[in-house]
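Undergrad: Below are the chains, spelled out letter by letter.
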Amino acid sequence: MKPQSLFDKLWAHHVVVEETADAPAVLYIDLHLIHEVTSPQAFTVLAERGLKVRRPDRTLATLDHSTPTLPADKRGRLPYATKEAEEQVETLIRNCASHGIRLLGLGDPKRGIVHVIGPELGITQPGKTIVCGDSHTSTHGAFGALAFGIGTTEVGHVLATQCVMQRKPKSMRVIFEGLPPEGVSAKDLALAMIAKIGADGGQGYAVEFAGEAVEALSMEGRMTLCNMSIEAGARLGMVAPDDKTFDWLNGRDYAPRGDDWRRAIDDWRNLVTEVGAAFDREVRIDAARLAPMITFGVSPDAAAPVDAIAPAPASEAERLGADYMKFNAGRPFTDAAVNRVFIGSCTNSRLEDLRAAAAVMRGRKVKKGVVMLVVPGSEQVKRDAEAENLHRVFLDAGAEWREPGCSMCIAMNGDQGEPGDLVVSTSNRNFIGRQGKGVRTVLASPATAAASAIEGRIADPRPYLEVSRDA
Amino acid sequence: MTHEPFKKLTSRTVVLAQENIDTDQIIPARFLTTTTREGLGRAAFYDWRYDESGRPRNSSVFNGVNPQTHRILVAGSNFGCGSSREHAPWALADFGFRAVISSDIADIFKSNALKNGLLPVTVDDATHKALLASSGAEVTVDLETETVTIDNGAAATFKVEPFARRCLLDGVDPLGHILNQMKAIEAYERSHQ
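Chains W and Y are the protein sequences, given in the same order.
Be aware that the first sequence starts at 1, since it is given in our numbering, and climbs by one per residue.
Be aware that the second sequence starts at 1, since it is given in our numbering, and climbs by one per residue.
Only chain Y is shown next, with the shape it has when bound in the complex (with noise of 0.2 Å):
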């Protein structure tokens, strides 16, 4: 799989300061019968977004929320926690995201949202308090210094597993790489077996 590359982006964000967002608010389980990864963006917090008979809650942040110009997820510690579907990040990263930061991304969530070439962010709790007090700021996320500025205010550092950057400024899938390791794989089965 190839996805955009991501290198640097400046956009508005959306901030969910609810700790420990689980992904099955992040796409509940009744959309996962699906057999594409295609189109999930319309479910992406759909319980968040529609009321139970399907009409748009009014108290919901996502309201006037443009996708076009809001790609950044600000959100409380522990985001994507619970189940491993990768259902999650496609649907966010189909909503329009290609950010999410936190204080704190479960683990599975992260590899999953790398794979998809949605950046998960972990900043410091000054930052993080800062950029959930800042709803809709303009903020700078930058892959290749990883830094975040908001508002053009001081930048902060974060880091991102190196492999795991590297695919996504270059917009490739680690598949490739493990690929060309077959002669190690073939080595290590005629070892072990």
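Bound conformation, chain W alone (with noise of 0.2 Å):
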């Protein structure tokens, strides 16, 4: 039998039919992640058909982009942005609620990003299929999972019947050599990528993430690196599953126990690629050579690494970029003054990035002038934090320290930048306009986002890390 890849055994388990010149395959979801913005609709289309949803059992459901990360007034009532948002949320509570599937509602002490909920709750597993009306969905392939983000109307077909219809992707590794240097984290990994092979450079791949820096990544780390696949243009990326991987699930609210967790063990041991497994396409990328990330343009794949010259745009697309970014051709991208920084989303915004941001911040302040939000991205990582003070370092420095939620990374709740403002941000879009009418985005680590805050201009944390490392 033919050497097999990770993707091909993950897709070849869930072939319910299989694929044929005149259709895609029907694929089997083992678990189904919705929340309040891509869910509405497929609601009402199951209530127009007279559906019901199929396997309640295997959807579960959390509030984040909507939702405020202001806490409730005296009253109790949260400062929704619109009336619009606030009905949402409740539309989602009536849905949950009709249909039986369990939400980690507002108050629910397990609510957060659904990016970072599923893994904390263990209820994401290798070997799993894992669907979300979301594009950063690729996240939970970190843990060896087929997850992939879905629109609304194939988000009603996997509430009627817990299936989706594709036909398999083409494969595509990325191979990190080499151990990258400190201060070089999974953002940059996944930043240097993507201006390696392009914003569409993924498109019509599923990609895994493979090599020595990725081994070593924390599982914290390969789901920062898979959750930016989509900015490749990529569905779907994935890390093979190991015992760090195992270590990671074990003991969690939805982990197997006792036999059944030796059992699973045993089995998603078998979830690797054998040696002469064919992909259509391999990258191979120094990681020993990378340095810490930054974006300078609108687009992701328009990066660099922190201490380098803003270039002259040589296309049209760069063009774009510069007119709107307004940096100095020819002077280094530390020039420029910031006037936000984000600290969050489904991209870094867990207790890692956390530590990393709250280990450059450390005794230091927020630079004058600059607004600072630090968003933990779950009541979870929120309660974590705090047991460990960060939150304090946050404060101390000036920053705030707010309610788990999607917030700035998609400007949907209120939380947004002015127009021209320059944000340093640890999510994952620079697109125009995306955290805010007029706001220019600069993509970082949570440690580059933190030395811009100190600094009041994009900053290399590099020097910040070997200061607390004497310390």
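Be aware that one or more of the hints could be misleading.
Claimed, not checked - Rough simulated footprint, nothing fancy, chain W against chain Y, three-plus residues with beta-carbon under 8 Å: (1) 22-30; (2) 35-49; (3) 54-61; (4) 108-121; (5) 158-171.
Stated by the list, open to error - From the structure, some residues in chain Y lie toward chain W, with a derived Cβ separation under 8 Å: (6) Asn78; (7) Cys81; (8) Asp104; (9) Ser134; (10) Leu175; (11) Ile185.
Said to hold, decoys possible - Dumping the calculated PhoX-like pairs for lysine-lysine here, alpha-carbon to alpha-carbon at most 25 Å: (12) W:Lys52 / Y:Lys183; (13) Y:Lys8 / W:Lys168; (14) W:Lys52 / W:Lys74; (15) Y:Lys159 / W:Lys168; (16) Y:Lys159 / W:Lys170.
Don't read these hints as lab results, they were simulated from the structure.
Ideal placement from N, C-alpha and C gives every residue a C-beta, glycine not left out.
Take the two lone chains and join them into the complex the hints point to.
TA: Spelled out as structure tokens, the structure:
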């Protein structure tokens, strides 16, 4: 038998009806995550057609996109950005109640960004197919799951049938060779990869991340890397599970226990790419030569080392980015003054991310005039961070410590910048207007974002790491 | 869901030559708090059409576009990248578009568009260049023959995934097809759980 890749194995295991020339495969979905923004119209279709949710036990809901990150007032009212946002939240609450779906809603100690809570609860597991009406569903691939974003029509398909129709994508392996230098995080690996293959370089591919640098990454780091697959156009990113994966899952709410746990690990150990498995494309990146990365354009592939010089635009797309971002060609990026810093999002809002930012900020202040928001990815992350007093580091520095949610990544809950602001953000998209009308977004790692908050300009985090190590 | 069948469309084009037009451009996130899919045409490319104070931008290519006669959007490569929001094709379709042509269309957008009677057409670079250079041209997109013709010139071919093509030609959603597989789905569940 032909050697199989991790992706081949995950795919084959979930085919209900094989793909033919006339029709895509019918693929079984083990876990369907839903949230308030992309689900209401799917429930409407179900109601119109008189269909029920086929497997509420395989469906899990949370509230994250439209929810305020400021606490409720004295009367218990949350400061929603609009009446519509509140109605959207109430719609999901109603839909979950009437279909028997577990909702980690407001006030629930397990609520959080959908791609943070899946792994946190241990419901994200190796070998599962996981979908969500959200393009960053690729995050869950960090556990050796087949996880991808779908549209609302497909959300309806999965609610009604627990299946989607898909043709098997091509396969790509991205191998990060060597170990990254200190100060180079998973976010920097991701941005370097996107810069190399382009914002559409992964289109039509399922990507497996491999190599020494990926094996060395923590689970949080692997989630960050898989999360950003979609910014290279790939719907799917994955990493083969290993002992780190199992250690993460062991004892979590939904993880198997006792004999079931041992059997699960035996199965999961088979979820690796066999020697000689074929990929349609292979990309190699020398991790040892990477530096902390930032983006300087309006597409995530416009990324460069933080200590680089702003280039003169060489194409129409680069000119668009340069006109909008207003970096001075020929000057270092670190000359650019920063108005806001955002630490959060499904890319970089986990405990490790907050620790990395706090390590840079401990005992320092946010530069006068800079607004800094730190938004933990979940209630659990918030509690864990507070148990370590990380929130004190941010608050003492003059940053805001908010309630969990997507916040300024998508800027649909009222958290956003002012026109013209330069925002250093640990989120995933630097699109025009993404963080508010006229806002200029620079994507970076938590350490780079924290260093930039201190200096009030784009800053290299590495000098801060040396100081904190010496201390 | 059913939609109007798509067989053949002859219409004028609106050209947006920019590359990497993401779904946040097509419909900004602040319009996503809706719980219905209707009426999103007003939000399509909102920040391209209106300035910060909500006044129409003089420079917008959408000025003078008649949605009844300009039903084909021609865009730069990697159109529809970014967020999976199906609100993007809902907004474009509600605005009046029935086809989007590019050299390269992002996966999730393409999949969403196909389910909403909005035909995503990927053409070769030469045809793409010709379309980008002829804003307002009369273009015919024929899904039955899978051809694109500019101003009665030579036809270029394109490919649409066969199942999605059948659904578009018939004006049906694939949900019925999946529901018809319920016996296989039940058998899968019995053998895998």
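Undergrad: When the nearest CB of chain W is found for Asn78 of chain Y, is that gap smaller than 8 Å?
TA: holds (4 Å)
Undergrad: Would the hint on Ile185 of chain Y be counted as holding, given a Cβ-Cβ threshold of 8 Å to chain W?
TA: holds (6 Å)
Undergrad: Does the structure keep Lys159 of chain Y and Lys170 of chain W at a Cα separation of 25 Å or less?
TA: Given pair Lys159 of chain Y, Lys170 of chain W holds - Cα atoms ~17 Å apart, limit 25 Å.
Undergrad: Does Lys168 of chain W lie within 25 Å of Lys8 of chain Y when you go C-alpha to C-alpha?
TA: violated (29 Å)
Undergrad: Would you check whether Asp104 of chain Y satisfies its interface hint, that is, whether its CB is within less than 8 Å of any CB in chain W?
TA: holds (6 Å)
Undergrad: Please verify the coverage claim for the segment 108-121 of chain Y: does it have three or more residues whose C-beta sits within 8 Å of some C-beta in chain W?
TA: holds (count 5)
Undergrad: At a Cβ distance under 8 Å, does chain W reach at least three residues of the segment 22-30 of chain Y?
TA: holds (count 6)
Undergrad: Do at least three Cβ atoms from the segment 35-49 of chain Y come closer than 8 Å to Cβ atoms of chain W?
TA: holds (count 4)
Undergrad: Holds or violated: are the alpha carbons of Lys52 of chain W and Lys183 of chain Y at most 25 Å from each other?
TA: holds (17 Å)
Undergrad: If you take the shortest Cβ to Cβ gap from Cys81 of chain Y to chain W, is it below 8 Å?
TA: Cβ of Cys81 of chain Y sits 6 Å from chain W, so the hint holds.
Undergrad: Measure nothing beyond the straight line between the CA atoms of Lys159 of chain Y and Lys168 of chain W; if it is 25 Å or shorter, mark the hint as holding.
TA: Holds - the C-alpha atoms of Lys168 of chain W and Lys159 of chain Y are around 17 Å apart, at most 25 Å.
Undergrad: Are there at least three residues in the segment 54-61 of chain Y whose beta carbon sits under 8 Å from a beta carbon of chain W?
TA: Violated, because only 0 residues of the segment 54-61 of chain Y bring their Cβ atoms closer than 8 Å to Cβ atoms of chain W.
In summary, the structure is inconsistent with hints 3, 9, 13, 14 from the numbered list given earlier, while agreeing with the others.
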